[in-house]
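Chemist: Letter by letter, the chains look like this.
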Amino acid sequence: MYQFVYWVLSFIAVAAPVQNQAAPVQSAQVTPAATYIGEARCIQCHGQENKHFSGTLHAMTFRLHPANPLQSRSCEACHGPGSNHARNATDKTALIGFTKKWGTPVATQNGQCLTCHDGGARMHWAGSNHDRSNLSCADCHNTMQNASANSLLARKNISDTCAQCHREQRADFRKRSHMPLPEGKISCVDCHNPHGSSTRSLLNADSVNDVCYTCHTEKRGPMLWEHAPVRENCVNCHQPHGSNHDKLLVAARPYLCQQCHNLSVGHNSTFYRDGQTAEGALLGGGQSPRIIGRTCQNCHSQIHGSNHPAGARFQR
Amino acid sequence: MKILLQTAVVTLGLSLIVAAPAQAQGSAGQQGTPGNALNPGNSERGVPSDPEGTGIVVGSRSPTGLLTVAPTLEKAASTTASGLRYRAKIEFGASGLSGDEHAAKFREYKDLPSGAYPNNFAVSIEKPKSAFHFDGVGGGVTKNDQYYGFDVGKYNTWRVRGSFSEVPHFFTSTYDSLWSGVGTSTLTLSRLVPGGTTNANTTQAAMQSVIASTSQGDVDLTRQKSRTRVDLTLPSNWKAYASYTRERRDGSRPFGAVFGGGGGGGNLEIPESIDYNTQDVLAGVQFAGTQTNLTVQTTASFFHNDIDTLTFENPLFITTNTIAGVPSTTFTRGQFDLYPNNRAYNVRGEIVQKLPHFLKSRVTGVFAGGQMRQNDALIPPALEPLTGGTINGVSTTGVWNTTNALSQTTADRQIGTRLADVGIVMNPSRDFTVRGKVRYYGTNNESSDYVACNPLTGQWGRLLNNGSGGSFVTPNTAAGNNPPGTLNTGYNGTACNLAATRALGLAPNVGDVPIRSAPYEYSQTNSVVSTDFRLARSSSLEAAFERENFSRPYREREKTWENKVRFAYVNRGFDSGTLRVSYEYGHRRGGDFVAAPLADFYSGSLGPAPVANGTNMTTFVRNVDQLRRFDVADRNQNIFNVRFNHGIGSMLDASVGVQVRDLDYPASEYGSNQQQRLTTPSFELDWQMSATSNAYGFYSLQTGHLQQAGVQTTGTCTIGNSGVVASNFSSLCATASATSPLFPISRTWDVSQKDHNGAGGLGFRYELGRVMTEVAYTYTKGRTGVTYEYDPTALGINATQAALAGNGFSDLLFEQHICEATAVVPIAPRLSLRLLYWYERGKIHDWHYDGIDVNPMPANNGAYLDVGAQSYKTHWFGALFRFDL
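First to last, the protein sequences are chains X and Z.
Taking our numbering, I'd label the letters of the first sequence as residues 1 to 316.
Taking our numbering, I'd label the letters of the second sequence as residues 317 to 1201.
What the hints contain is simulated information worked out from the structure, not anything from laboratory work.
Given the structure is predicted, the values throughout are model-derived calculations rather than measurements.
Among these hints, one or two may not hold up.
[Unchecked claim] Restricting the straight-line Cα-Cα distance to at most 20 angstroms, the calculated cross-link-like pairs of lysine to any residue (SDA-like) are:
no., chain 1, residue 1, chain 2, residue 2
1, Z, K1189, Z, Y1093
2, Z, K753, Z, R896
3, X, K51, Z, V363
4, Z, K880, Z, L814
5, X, K247, Z, T538
6, Z, K1070, Z, Q992
7, Z, K470, Z, V363
8, Z, K445, X, T56
9, X, K101, Z, V363
10, Z, K470, X, K92
11, X, K92, Z, I372
12, Z, K753, X, M60
13, X, K51, Z, T388
14, X, K92, Z, V374
15, Z, K555, X, H117
16, Z, K443, X, M60
17, Z, K555, Z, V468
18, Z, K1097, X, L249
19, Z, K470, X, A59
20, X, K219, Z, V374
21, Z, K1159, Z, G1101
22, Z, K391, Z, A438
So here's chain X without its partners, still in its complex pose (with noise of 0.2 angstroms):
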C-alpha cells in the first residue's frame, strides 16, 4: 500500500514539470479593452457551432427573453467580449473558452457560468468536492449542443456524464441488487447534488437516512421500537449504489446481523454453515432458519422498526 502511494507520489512529482511544459503561459483574462461584437459576427465563422447552440434552452433564453443585458449578447454573454478574438482568433487570452485546449482558467469559466447562475442549488458550489477538485461546469454540462434531453449535459444523460469520473459507482450498479439506475427510472441527481451541498458526499438532503426517506418515507417512523443502526444510518447495512447481495446489502446474511449481535442467550451467537440449508436438511445437515431465504428476516421481518407492542423483537 505504502510502497504504491510512494509510487504515486513519485509519478506526481515527475508529471508536474511535464504540465508546466504542456500548458501555455498566458492570461485567460480578457483584454480590458474588448468590446462586444455581437452574435451576428461570431456566426459569420463559427455558423456550424451556431447550428447546433440554436437548439438550445441557453440560445432560446438569450434570444427570445433575455433577463438583461448581458444575456442579449448570447455567444458574448458566456464568452465574454469578441473584438479581439474576431481580430486574432488564436489569440487564447483574448475571449473565455470552455475546452482543454483553449486553456482558460477553471476558476474563469465558472465564475462565468455563476454570473447567471449563482445561488439556488449552486449555493454550495464554493468549496464542494466538485469544486475542490477543479471541476468545471463545462465538464459535466456542454452548452453548444442538446447532447442529452434536458439540463445541457455532456454525454446522453445524468448517469453516463457522472460515470465520466466515477466509474466504481457504475460498476455497482451493475451488481446483483442496485438501484434502478441502469434501467433508466433514477439518476444520480435524485440523491445527490452535484453541485455541491452542507453534506460531504453531496447528498440532497442534510442525513443519509433523509436522503433514503426520500422514497422509502414508510421507514421514517419514528418506531414504536427502534433499531439503533437503522435510526442511525441506513448505510450501516445497505451499499447505496449496488451489491452482490440480496437487497444491496453489504454482506451476506446471517453475518452481516452476526456483525454486531453475539447475545448470552438465544440463537445469534450460534455458527451457522453450509448443510443448514433447505438442501442440507436432506442430507443431514441439520436445517437452520437463519440460513434459509431471508435468514434472520425469516424471523425479525420488520428489521426497519415495528410499531406492535410485542415488536421489541421486530417480529410483528
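Dock chain Z against the given chain X, drawing on the hints supplied.
Modeler: Same frame as chain X, now just chain Z:
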C-alpha cells in the same frame, strides 16, 4: 394534412398540460429526467450524427480533457402562419419477446413490450414573440415502466414542470402463494386448515402436498411517482418555487412471519401487502444578489399506509411458548402492525455572503430544523381471547386481545432534527485558498416513554406473536434472592408504574426482557479546515484536516471521535488530460465501551441482581464483552483515489482510475475485525473515429474482503458454578476466555467474505451511408465467497454436519450479459425505421435458496415459499417507426 398534423401536435401539447396534474395524483420527488430501460434519461436514440461535426475545432475536449460527444442532426422546427414553431416525433411499432421473459430478475425494474407499441414521443412548441415554450415527452406508454413529462413556461419568467414515472419491482416469479387476498389487509388460506391439524407432522404433509400442486407466481409492486413544480422569476433577483409530489406503491413483497417465542415456534413466508401513499409539498424563495445569496425553504411530507394492519391465516401447527393451557391450534391467525402513517416537516434557511474586501471571502450558513412524527393507533397483542390460558399463573382470558392491555393506545413517537452549518472560504491570494467549516447535525428523540406492561394484569413484558409466545419478567422466587414469601406476581400490583415497581426492590428472575423502548438519538459535529495551494498554473494541492465528534446516547459507546487528514492533488496541465489523486487517513477512537448500554430498558433494571447460589444469571449478561459494533468501534481508515485521463492522438480518450478503501478495526476481537479492503481499478477507452462513428470499451474490477468473528455460547452463567459469584458474574461470564462458562474461546468462529466483481462494456456506432448502426454490450460478473473456520468438536457439530459444512458455502454468483443492437434506416425525410434487438442473459446462484424448490418445509413447522431468483435468457426484437413532424 399538414394543418391536421399541426392541430394534432398543439392539441396533444395542450392535453398534456391538462393531463399532467391529473397524473400527479400518482406520486413524489424524482429530480432527474424520467425514462425507462429503452429510453434511459429520455435521451434521443438512433438519431444520425451531424457529419459536419461540432464546428471549427475537431476533437474538442472538455476542460478535464474528455472528448466532446459528436452532435446529432436535429430535425428543423416547422412554423405556422402565426409564428408558432413546433417540432414533434413519435416512435411506434411492434415488438416481440421470447425466452424466460417471466423471470423476476429480467423484469425487476423494466417492462419490455410485446406486440404493437408506442415507444416514445416528444412535442416541442415555441412562440418566439412571447417567449412561450412547451415541451412534452413520454415513453413506455401503457407499460409498467411508462413515464411522461412536460415543461411549459416563458423563458426567464415562469416555468411549470411535471413528470410521472412508473417503476415495476419484481421480487420473485417463483412464489407458491397459499392465500387469497394478496395485496389486501387479509390473507385467507385457500386450501389449508388454519392452525393446522392433529400435529405438526400431519400438518406438514398436508402443506407439502398443497405447495407441490400450487403454481408459482409473481410477488411484485409498482411505484407510481408524479411531480409538479412551479418556478417564478420575481423582480430584484428573487425567485419563488413550489412543488407537489405524490407517490403510490401498490403490490406485495415476500415477508417472514414467526410464531411461538421465536425460532422453533414456527416460521412462514407470507406475501406482505403494500398500499402506500406519500404526498410531499415544498415551497421556497431564493435571492441571488451580487454579494448575497439566500434561500428559505419549507417542506412537508405525509406518508399514509392503506394497509396499516395485515392479518393472515396460519397453516402451521405451531409450538407455543410461555403461555400454558391454550392449544396450539388456537392460533389460526397472525397479525402484523405494518408501517404506520407518518409525517415530516422541515424548515431551512441558507445564506451566502460574499466579503470581497476581506480576503475575497465567502461565508456560508445553513440552518434547518425538522420533525418526524407518527401517532398511529396501536393494536392489541393478541387476536384471540386466549380463553383458559395462563402466563406465570395469571389468567390470559380476555386480557390481551384489547388495547387496554397496553400502557398507551397510540404510538406517540417524534424525533426532531437540527442542522447548523457555518463555513468560510478565503482567498488571501490567487494561489492560496483557506476554508473552514463547522457542521452540527443532531436528532432529538421526543417520543413518550413506552413501557411494556399490561395494566389489566400488571405483568411486565410482552405477549409475543399474537399470543403464541411470551417474554415476561417476574420477581425471582429462588430462595435467597428476595425476601421469603415473594411471589412471582410481586411486580403486578404497581399498575405498570416503573418507578413504583423498581421501588419494590425485588430482584427479577431474568434480565433480558425489554420493558421500555429506547429513544435512540445522536448528534454529529464536523469541523474542517482545508487549504489549497496552487503549485503551478494548472496544478494544485489540497490539505485538509477534519474532526468528527459523535454522541450516541444508549449505544455501546456514547462518544466517538475521528480525526481525518486528506491530501489531494490535481494536475490539469497535461495536453489533453487531467490527473486527480487523493488520499485520506481516518483515525477513529472513542470513550469507554459498554456491552449493555440499554440496561435501564431491560428487566434487569427492575431490581437488584440476584445473588443466591444456583441462580442462572445468563440473561443478565448481554453481548460478549470483546465485541465491537463496527459503527462505533476503533477504526483506522485509508482511502486512496486516482483518476487519470489522457488523449491518445486527437480522437481517442484513455482513462484509468483506482480506488482503494482499507479499513482496520484494531480493538475488535469479535464482530467485524481485522482488515477490510475494497479495491477498484477501472479502465476506459473512447474512440471517436469520425463525426459519425465511435467505439468505446470499459472495465472495472472490484475486489473486496471483510472478516468477522463470533463466539457461540454454551452452558449457563450460574452463581456458585465455574467460579461465578454474585460480584463477578458480569465480568467473568461476559468475557470470552478459555475458562469462560458462557463464551469459551474454543467456540470462536471466523467468517470471511470475499467479493470479486467485474463490470465491462463494449460498443460502437457506425454510419454506413444512410444506415446507422449502434451496438452496446455490458457484462457483469459478481462472485462472493463465504468461508469460515471453526472447531467442530468444541461446537458439538457431528461428522455428517461437519462434512456438509466444509470450509464454506458455494459462491454467491451473479452474471449478466446485455447486448443492445440498433439499425436505423431512413425511409423518407421525416420517417425512419429503427430495428432493435435486446439480448439479456442472467445467471444467479444464491445458497440461501438451495433446495427450497424440492424441500420447501425442511422442518415440520417452517415453510419457505419463495424458491429464489432464477437464471434466464431472453431475446427482444423491435421494429419501430419514427415519424418526425
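Chemist: Evaluate each hint against the coordinates.
Modeler: Results of checking the hints against the structure:
| no. | hint | result |
| --- | --- | --- |
| 1 | Z:K1189 to Z:Y1093 | holds (15 angstroms) |
| 2 | Z:K753 to Z:R896 | violated (23 angstroms) |
| 3 | X:K51 to Z:V363 | holds (16 angstroms) |
| 4 | Z:K880 to Z:L814 | violated (44 angstroms) |
| 5 | X:K247 to Z:T538 | holds (17 angstroms) |
| 6 | Z:K1070 to Z:Q992 | holds (10 angstroms) |
| 7 | Z:K470 to Z:V363 | violated (28 angstroms) |
| 8 | Z:K445 to X:T56 | holds (17 angstroms) |
| 9 | X:K101 to Z:V363 | violated (29 angstroms) |
| 10 | Z:K470 to X:K92 | violated (36 angstroms) |
| 11 | X:K92 to Z:I372 | holds (15 angstroms) |
| 12 | Z:K753 to X:M60 | violated (39 angstroms) |
| 13 | X:K51 to Z:T388 | holds (11 angstroms) |
| 14 | X:K92 to Z:V374 | holds (17 angstroms) |
| 15 | Z:K555 to X:H117 | holds (12 angstroms) |
| 16 | Z:K443 to X:M60 | holds (11 angstroms) |
| 17 | Z:K555 to Z:V468 | holds (17 angstroms) |
| 18 | Z:K1097 to X:L249 | holds (17 angstroms) |
| 19 | Z:K470 to X:A59 | holds (14 angstroms) |
| 20 | X:K219 to Z:V374 | violated (52 angstroms) |
| 21 | Z:K1159 to Z:G1101 | holds (16 angstroms) |
| 22 | Z:K391 to Z:A438 | holds (12 angstroms) |
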